[in-house]
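Kindly generate the complete structure, drawing on both the sequences and the hints.
Heads up: the sequence lines are chains A and B, in that order. Quick note: the first sequence uses the working numbering, first residue 1, plus one each step. Quick note: the second sequence uses the working numbering, first residue 388, plus one each step.
If you're looking for bench data, these hints aren't it; they were derived computationally from the structure. Think of the CB as a built atom: it goes at the ideal place given N, C-alpha and C, for glycine as much as any other residue. It cannot be assumed that every hint is accurate.
[As the list claims (entries may be wrong)] With beta-carbon atoms standing in for the labels, derived distance ranges: (1) B:G473 - A:R290: 51 to 61 Å; (2) B:D543 - A:L315: 39 to 49 Å; (3) B:D535 - A:R328: 34 to 44 Å; (4) A:L137 - B:D543: 28 to 38 Å; (5) A:L262 - B:D543: 50 to 60 Å.
[As the list claims (entries may be wrong)] Capping the alpha-carbon separation at 30 Å, the derived lysine-lysine pairs in DSBU-like fashion look like this: (6) A:K140 - B:K568; (7) B:K508 - B:K462; (8) B:K511 - B:K462; (9) A:K140 - B:K462; (10) B:K654 - A:K140; (11) B:K575 - A:K140; (12) B:K574 - A:K140.
[As the list claims (entries may be wrong)] Which stretches of chain A does chain B cover? Using the computed rule of at least three CB atoms under 8 Å from a CB of chain B, they are: (13) 52-66; (14) 73-83.
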Amino acid sequence: MTARRPARQSASRAGPSSDAAAAPATAVGAAVSSGRRRLCAALVLSILYLVFMGAQVKSHHAGLSVPDWPLAFGSVWPIMTGGVFHEHWHRTIATGVGLLTIVVAVWTSRRESRRWVAKLAWWLLAAVVFQGLLGGLTVKQLLPPEVSATHAGMAQTVLCLAAWLAYACSSEWARLARAALPDAGAAEASLAPAQRAGATSSRDPRADAAHAHRGGSLRAARVAAVLAMFSVYVQLALGAWMRHTEAGLAVPFFPVDGAGRLLPEVIDQAVLVHMAHRAFAVLVLLAVLRAAQVAGRVASGLMLHAGALAATVLLQAGLGASVIWLKRPPELTSLHVANGALVLLLCWLLVLRLWRRERAATAGSAGRDLTAGIPGHATGERAAGPA
Amino acid sequence: MLLQTALVAGLATSLIFGQMTADGETAATSEVAAAALSVAPVAVVEPSAPAAAPKAVAGVSGKILFRGEAPAVVKIDMVSDPYCVGAHDGDVGTQSVVVGADGGLANVFVSLTGVPDERYKAPKTPVVLDQLGCMYQPHVFGIVKKQDIEIRNSDDTLHNIHAVPRSNKEFNIGMPEKGMKVTKTFKKDEDSIMIKCDVHPWMVAYCFSMEHPYFGVSAADGSVTINNASDLEDGEYGVRIWHETLGESSGTVTIEGGAGSFEHIYK
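Written out as structure tokens, the structure is:
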């Protein structure tokens, strides 16, 4: 096993911020296989679906329809009827996600030469296990709002960790590392055959880097994306708090009532929580649209991503208003929750993709190597500095 | 590796013990009859002329009436569980406002106030709360605090019994099999404790945990008998009246020779 991972020894300390750690110029083991990449992507999609099903449990008030945990009515598979369907299906999908995460973590730790990526996979598994325990605690403690809201918020963290892992294993990550090398031909030569084909992607990261220099600052775009992501995370936490304190219809009209009033006559805590979610939504909308605009401007390869992010956040605003107008139909409300998670996911991936482009640009000018530890690369090649 | 081993062991344990009964308090019984259900068809009851004041009979009794346009009966959508649909011949309405042909209002909890401040013993006979046709029978009931409640599942589908008190201890128990019984109680006095089934969201019952035994619940015709009130000394007592959607009200009743009557009209 050790022989298969020679680069681990040299790149073991190389975290996401230190890919340029010194490494022997030896070929590393097998490339990040398409199977592992697809599995990581499938994991991200599964978690997104799990978020939707979790929202369905809350939307149908089925959180306690299965009173025991980890079993359900004393068995592994109860009669899937009424609220049991939502609760137990959520548990079943969660079990699937847990098993998938175990496979990903084991596979990554056995095959991945970048130690920080292997660690990330184990952290992801720890987060999934913790999330599962939180889910059990909500049942055992009879749905206390603080535990339920934490469970909902933790789901977003798990999603982001999985997306980070999937991106670290993606072909784009490797391509951007190679983009910093002085000679594209040398970079090509350092690739495993399977990856060489991937390097001929129509999206050229170097073009993005050059485009960035012309069109604006990658760093500024990344800062905008981080702010957007942070605002979305806060908004999701506010949404979870609102849902789990039954304040979702505390203000039953949008944007104003029949008399043109913005607020109901009686202002209580539920109204305040609800209005905080609404008011913050404006900030989120502006922050996300701004991040999408800047990212699309500085990196032409991210135009599609930026467009999808803008469309998703606009859809999210529409869903939020519809939930009020239609008096919180369960499926629509769950879609609002899941789409919120999708907005966060797209923001987080935008941050990562901008950060990699920024690193590629700065490493290229500083003569640093970003390919260290990436499977399939001859490490130790350094980009030429400006001098 | 330790984590992986623990997870695999946990999964294996779940599979091995998957068929075991989860709740030690529950016990399956095989002799709960599957009583045929007779559920009134969904209909808006037309209010009739005021009923005559009830005659004072042995014991303390009264009549709860509803005057005016009764709220439309809301049909329960049981489609999420085919068993529940099949358990009824026709549509089933919610139990929140049930008005009889003569304007009698059902499911109203009535209790006396101003009764002697004693320490009343809880009866040894349990009150039965049955789950029948995916409905609670009865919908509203009272106990003397610490009196047992025998909860039954007469349905061939699973239910969970989830009590949501404010000052007593909350509980949530699964009853996956027909014939199961479980006994619970509330140790403190508390009004209108909601008991619900999260599997079937329309299933709701209300329990009153009382300090004393002088209470009753109105029947389908609005008539109500106050338990044990014939034991009270002659005098005027307060009457507290509660309905889940129409709210609380109060009145008085004079008891003479162990008998008395009262009437209350919701409008």
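Evaluated hints:
1. B:G473 - A:R290: 51 to 61 Å: Cβ of G473 (chain B) to Cβ of R290 (chain A): about 56 Å, so the range 51 to 61 Å holds.
2. B:D543 - A:L315: 39 to 49 Å: For L315 (chain A) against D543 (chain B), whose Cβ atoms are near 44 Å apart, the range 39 to 49 Å holds.
3. B:D535 - A:R328: 34 to 44 Å: Given a distance of about 39 Å, which is inside 34 to 44 Å, the answer is holds.
4. A:L137 - B:D543: 28 to 38 Å: holds, 32 Å
5. A:L262 - B:D543: 50 to 60 Å: holds, 52 Å
6. A:K140 - B:K568: Distance ~21 Å between K140 (chain A) and K568 (chain B) Cα, so the pair holds.
7. B:K508 - B:K462: It is violated: about 41 Å lies between the C-alpha atoms, which goes past 30 Å.
8. B:K511 - B:K462: violated, 38 Å
9. A:K140 - B:K462: violated, 33 Å
10. B:K654 - A:K140: It is violated: about 43 Å lies between the C-alpha atoms, which goes past 30 Å.
11. B:K575 - A:K140: Holds, at roughly 23 Å.
12. B:K574 - A:K140: Holds, at roughly 21 Å.
13. 52-66: holds (count 7)
14. 73-83: holds (count 10)
Hint check: violations occur at hints 7, 8, 9, 10; the rest are consistent with the structure.
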